[in-house]
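There are 2 protein chains.
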Amino acid sequence: MSLRSRRSLGPEKHCKCIKTESKPIGRFIEKVEIIASDSHCAETEIIATLKNTREEVCLNPEAPWVKRVIKNIMSKKP
Amino acid sequence: MSLRSRRSLGPEKHCKCIKTESKPIGRFIEKVEIIASDSHCAETEIIATLKNTREEVCLNPEAPWVKRVIKNIMSKKP
Numbered sequence: 001m002s003l004r005s006r007r008s009l010g011p012e013k014h015c016k017c018i019k020t021e022s023k024p025i026g027r028f029i030e031k032v033e034i035i036a037s038d039s040h041c042a043e044t045e046i047i048a049t050l051k052n053t054r055e056e057v058c059l060n061p062e063a064p065w066v067k068r069v070i071k072n073i074m075s076k077k078p
Numbered sequence: 001m002s003l004r005s006r007r008s009l010g011p012e013k014h015c016k017c018i019k020t021e022s023k024p025i026g027r028f029i030e031k032v033e034i035i036a037s038d039s040h041c042a043e044t045e046i047i048a049t050l051k052n053t054r055e056e057v058c059l060n061p062e063a064p065w066v067k068r069v070i071k072n073i074m075s076k077k078p
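Top to bottom, those sequences are chains A and P.
Going by this note's numbering, 76 is the number at position 76 of the first sequence; the sequence numbering is gapless.
Going by this note's numbering, 71 is the number at position 71 of the second sequence; the sequence numbering is gapless.
Looking at chain A on its own, in the form it has when it is part of the complex (with noise of 0.2 Å):
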């Protein structure tokens, strides 16, 4: 599975997101950063840090499936 929507690492004075993950990977998925749209990128961004690799991939807010794998996540019961 190449994620090819890296991160960019650089200070936090712009948009992370270069790319969005186009594949559904709910499953994958251990967390994830919804960051507000601001001065510094005026759009809504989301970083999934995947299960295993720990690896970063942006998703796209408005995506059905990433507003799924979101609703999924919060309304998981203990």
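Rather than coming from a laboratory, the hints here were simulated on the basis of the structure.
Don't be surprised by glycine CBs; every beta carbon is placed ideally from N, CA and C.
Misleading hints may appear alongside valid ones.
[Said to hold, decoys possible] Residues of chain P clear of chain A, computed beta-carbon distances all greater than 10 Å:
1) H14
2) I18
3) K19
4) T20
5) S22
6) K31
7) A36
8) I46
9) T53
10) E55
11) W65
12) K67
13) R68
[What the hints assert, rightly or not] Below, computed lysine-lysine pairings styled on DSS-like, alpha-carbon distance capped at 30 Å:
14) A:K19 <-> P:K19
15) A:K16 <-> P:K51
16) A:K51 <-> P:K51
17) A:K76 <-> A:K13
18) A:K16 <-> P:K71
Take the given structure of chain A and dock chain P to it, following the hints.
Chain P only, in chain A's frame:
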């Protein structure tokens, strides 16, 4: 605004959140991290980073205002 719901900074081998913030602080939030439950922590945890202070605060995944804040952040168009 005193935020008591500190995030424990120990290694990632247990739940991070001790308490969650009860007051709706959506407008202060720069980003949120949603951590799926796993073998180390049976609960989904949400950790918000506040604007300006960059303080980390735990939020209750089941609180309506938290769900609304996440939905708003995700739906913000450029």
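Results of checking the hints against the structure:
| no. | hint | result |
| --- | --- | --- |
| 1 | H14 | 14 Å, holds |
| 2 | I18 | 16 Å, holds |
| 3 | K19 | 16 Å, holds |
| 4 | T20 | 13 Å, holds |
| 5 | S22 | 18 Å, holds |
| 6 | K31 | 4 Å, violated |
| 7 | A36 | 5 Å, violated |
| 8 | I46 | 8 Å, violated |
| 9 | T53 | 15 Å, holds |
| 10 | E55 | 15 Å, holds |
| 11 | W65 | 13 Å, holds |
| 12 | K67 | 7 Å, violated |
| 13 | R68 | 12 Å, holds |
| 14 | A:K19 <-> P:K19 | 36 Å, violated |
| 15 | A:K16 <-> P:K51 | 17 Å, holds |
| 16 | A:K51 <-> P:K51 | 28 Å, holds |
| 17 | A:K76 <-> A:K13 | 34 Å, violated |
| 18 | A:K16 <-> P:K71 | 20 Å, holds |
Going through the hint list in order, the structure does not satisfy hints 6, 7, 8, 12, 14, 17.
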